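Peer 1: Listed below, chain by chain, are the residues.
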Amino acid sequence: MSKIDPIRLEVMKNAFDAIADEMALMLMRAAYSPIVRDSMDYSTAICDAFGQTLAQGVTTPMHLGSFYDAMQHLMERYAGNIHAGDVFIGNDPYAAAGQHLPDIYIVEPIFHGDTLVAWTTTLAHHADVGGIVPGSNALGAEEIYQEGLRLPFLKLYDRGVINSAIWEIIGLNVRVPGMVHGDLRAQLAASRAGQRSFGELISRYGIEEVLACAEELHDYAERLGRAEIRDLPNGTYHFTDHMDGLGTSPEPIVIQIALTIHDETISVDLAGSSPQVKGGVNTPLPFTKASVYTALRSVMQSEIPNCHGFERVVTVTAPKGTVVNSVHPAPCGARGITGYRIIDAMFGAFAQALPDRVTADGMGGSTVPTFAGVHEDQAFVFTETVMGTWGASAGHDGQVGVPHMGANQANVPIEMIEATYPLRIRRYGIVPDTGGAGRTRGGNSFIREYEYIGEEEGVMSLRSDKRDFLPHGLFEGGEGTGPISILIQNGQETELPVLVTEPYTIRKGDVFRHISPSGGGFGPAKDRAPEQVREDVEAGLLTESYARVTYPHAFQGK
Amino acid sequence: MTQLNDEQPKLRIAADIGGTFTDVALIRGDLTIATRKVSSTPEDYARGVAEGILELVEVEGLAPSDIGEVMHACTVATNAILENKGARTALITTEGFRDVLEMRRIRVPRLYDPLYEKPPALSPRKWRFEVAERLDFQGNVLTPLDESSVLTAIDAIKAAEVDAVAVCLLHSYANSEHERRIGALIKEHLPNVFVSLSVDVLPEIREYERTSTTVINSFVGPPVKSYLDSLRERLEAAGLPPKFFMMHSAGGIVDSRTVVAKPAQIVECGPAAGVIGARAVMLEAGFSDAIAFDMGGTTAKASLIEGGALVRADDYEVGGGISLSSKLAKGGGYALKLPVIDISEVGAGGGSIVWRDRAGALKIGPHSAGANPGPACYGIGGTEPTVTDANMVLGFLNPEALAGGAVPVTPALSRDALSRVVAEPMEIDLDRAAYGVHELVSTVMTRAVKSVTTFRGRDPRDFAMIAFGGNGGIHSVSLARALGVSKVIVPPGAGVLSALGLLYADIETSASLALLKRIDQVDPDLVRNSFQSLSEQVATELSRELDGVELVFEADFRYRGQAFELPVPFDDGLNLTPEAATRIRGLFDAAHERTYGYLLAETPVEIVSLRVTARVQKGAGSLPEYLRRDQTPETTRSVYFGPDWGRVETAIIDRHALSTGDRQGPCIIEEYEGTTIVPPDCTAHLDAKGNIIVTLPVAAQATRHEAAE
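Quick mapping for you: the protein sequence lines, in order, are chains D and Z.
Each residue of the first sequence is one higher than the last, beginning at 2 in this note's numbering.
Each residue of the second sequence is one higher than the last, beginning at 39 in this note's numbering.
Rather than coming from a laboratory, the hints here were simulated on the basis of the structure.
Since the model is a prediction, treat every value here as computed from it, not as a measurement.
Just so it is clear, CB atoms sit at the ideal spot from N, CA and C, and this is done for glycine as well.
Heads up, some of the hints might be wrong.
[To be verified] Taking CB as the label site, the calculated pair distances span:
(1) Z:Gly346 / D:Leu117: 35 to 45 Å
(2) Z:Thr190 / D:Gly510: 26 to 36 Å
(3) Z:Asn122 / D:Ser165: 53 to 63 Å
[Unchecked claim] Partial chain D-side listing against chain Z, Cβ under 10 Å, derived:
(4) Gly179
(5) Tyr221
(6) Val403
Isolated chain D (complex conformation):
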């Protein structure tokens, strides 16, 4: 290939990044559902003509590299039949190499004259795509058919003409059509913005130069990745993590990682992970790969471009039919939790090679309660991703009020929830006497308590984890605490399973109380500085009686 001016390459890389970010901002501002506009559970990217990501907007890390497989699928299916003005839509994990059904792709080719030169792609988590539970995260689904509307890649627009049938089918199959259509429009708006900006880039630099730089960008990212890996100690590092399991009698689900660093490349094998399960936590391989990429990027120190070239230095393998490489018809609506656990397990493996670059185990991803029903004559679905707490690191205490590394998501303002849904938040804040003990402490738990105030019956369900397998500490640091999820109905307290497979009926006055897991500690508790212990007590993060038991050295002679 031609030698590219390295300066022009950097210029173009910035331009690609700016387009992906522009699309992301456009999508967020035009979106409707709290999960897109507040939690930012969506991604945008520019792909080259081969469907390789050139730049991805800075939104959801766990979507990193997720476009590639879907694009391969799409291009194979429509070979010879892709035209200017086509807009593709799809969501199916098996028929479209997607993620899970709520994640709908909108993909549009960019033409220069008659030549396909690139793609704008967006992926957004929609509030509902039908199926047996509102929000379409059916943990209890046994087959994907129960999870909602499945779309292979279809042409939503064919040479600029909308196929209204698809639009209407979607509208009829989801519980909140206004919201889903609104978010799809936001995706289309973002796609249009990306098309326009990419066109400007071509007219400024010329098509040859843009394409040459695109090609070189992948090589550049690969070089950067190789340079980073070269500095890591060679070896194979194993780690086994678990999810508590599904429903009222949970069976642990194993996530097993063998991470091999060999000179300039990394291979990750997930053999030994549990067989796929009859419940929506299976992940198709593209999502497993995306999760591995996220963990890997997090321990690297360079600013590596979010482009496909980086993925060339990593090989991810997992046996078919496992929870980390599921096959049809395994359901995968709530596969996010499995992705979080893959990232956590990767950090567990990396802790052996790079103890200074990771934290002890944290909350393990978001807790996701879903409330649904009818309010003021309209169907509503309220889902939020509740995060988060980290384990301690070598340098500082675990952070509280932070997202998981896999998903940089926001909380939903309490005042917005109460102004929109028949819910009241009774309490939101830090819980004392939690967080694994250590030289640096794991982040505290926090509580979020919901009261249902709707006049009509509603339903609720829950996705959480880490009750049986607590967040681990590092280097003699203590374990964090597990989650507490209680449904209070007429004064009766019911402890909910971590992964609720059958939604609960809720009535006015019912309260759902969630206390999050807390993070693991780092280093022995006896090494914690006494003045830090006193500050924790002063701040009310620890009670004095708890601190005296856990950090007796801080109270000697007092």
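Let chain D serve as the given structure and place chain Z on it in line with the hints.
Peer 2: Chain Z in isolation, oriented as in the chain D frame:
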């Protein structure tokens, strides 16, 4: 009531505090401008301000009594936050929500960083107290205020010996009674602490943003108050008028005495002053749409002026650091939801260090060599190449000295540094390397411009660019080219435009309240009465009668179900007939379509909040004429303008050498305040006000890069 214009014959003077210099500007009796740069005095900023003003007054042969008004912008509030030197601040909040401030909105500004640490809460947990009370979103009382819990909190606050208290209760935007009662109790029991109630500071929905803004207000309150008091004393002692005006972050000026009630409003006053100056320049030059581009030593800033109006940011954070993708990567600073001009910032300035990453790619900043050790060419210890060094190698900068002779330079040091770090390892020609740096800086800065244009659905090609700040004239044409902008305006005194901006600002303040009603269902009386009370509030803040101010009525609208709003003028709100409601809805649909490319004719539109801005025309009106100085003789030097042109013998001229009409580039205009580059394919002329207007070739951006390299 004070009449603000009754001291007409006296002169107006402005002082803007920057990190290194305090700029002072004065409009003389003949309507020309005099400026002065003096060192800032961080140990007591007021001293530097008073001294700088006196210095300029003396140089101009005036007496302090000739000065009628002092306009001011300072960094006291910003520094209090950035350096964590604000007041010891307590927070009183609703039971169950002590940690809203600390949980924030969860998002962090850096992806892929497990070792990230959140900025500490400005009111630490040990000083945050809960009281028993609860409202719902309509303002209905679910739990009455338990005054004994308030008194318990007040006792604890007294024991903590804090300087300031913030009060923010859940849903208080819908009913202020509980907060007001708590405010009264604090006043009674703690008469000497600084108190902010969220209902006074920001009565809008979203608890974290409202709490954070209120806490910031309390945190900066005592330092701002003591600074303003000390400045007042200094001015008075110097025989200057003790009454002075402050710029706020939205670009208006207010009486300094009213700033004390809402000190958080001056956090971004310095950058705002620059944008106000740019707007004045642009309107005079006959443009209504422009990008204000301000490049200094450490950062570059961009802001949009559209139809002559400023654009407000709705997602501002203070102290968030400089992030390339700041619009997406939130959470690094403290949410401040008061009106702020939308200014985006990137870490690229003259002092930004040039380096290469592990894969060999060229990078700029965000580390800056600052003034010390400075760029390599200063020869005072800096060994790493900077953007200024690249410009030196290219011949853009005077090879003997910068800043009118004040900073001697050694170009060989620039060449050595750039050869070592860029040219040799990349095996490229030194000129090409230096030009690469110059080009790359432009690309990095395009992000700042894009985040206020394309990211908001605006096309930068529809705008002119006003370049200012020490490095604005050097990089603006390259930046304009990368964006497709065809006109660049470099005003006289571009290096002190922020101080000049203070002289052109109007007296202005605004107030808002939350509504959250459908436009087609809202009670017209509610809207009118709300606007009426907001109007009275802003007029009172300006110490004016209602008929003495110009009022601007506005509302934030959204489609039901969306979370982001768009502001639309709302004069119709005073008399909201069904026809008016339909009309305003149409305006919103149009604004939405322009920004997002679609509208939803069937979806209900909600009024989220109402806002009234009161304005008193105060600005200097017409800009002063550019004062001719003695012409310096034209010289030439060799300048590298990129691979297309190579090295070209280039005329080095004075600003008024352009007054005879369009001059074809290449030429470089060297002045005390800065340097302006006119590449070979551009032309430049001077307008009647002394602005340099650089015109880029329209076809250039399409063709010039086709040359194979």
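Peer 1: Now, for every hint given, state plainly whether the structure supports it.
Peer 2: Hints and how they fare:
The hinted window of 35 to 45 Å between Gly346 of chain Z and Leu117 of chain D holds, with their beta carbons roughly 43 Å apart. For the pair Thr190 of chain Z and Gly510 of chain D, the supplied restraint of 26 to 36 Å holds, since their beta-carbon distance comes to about 29 Å. Look at Asn122 of chain Z against Ser165 of chain D: about 57 Å separates their beta carbons, and that is inside 53 to 63 Å. Checking Gly179 of chain D against chain Z: minimum C-beta separation of about 7 Å stays under 10 Å; hint holds.
For Tyr221 of chain D, the interface hint holds, the least distance from its beta-carbon to any beta-carbon of chain Z being 6 Å, beneath 10 Å. Checking Val403 of chain D against chain Z by beta carbon gives a least distance of about 6 Å; that is within 10 Å, so the hint holds.
Every hint from the earlier list agrees with this structure, and none is contradicted.
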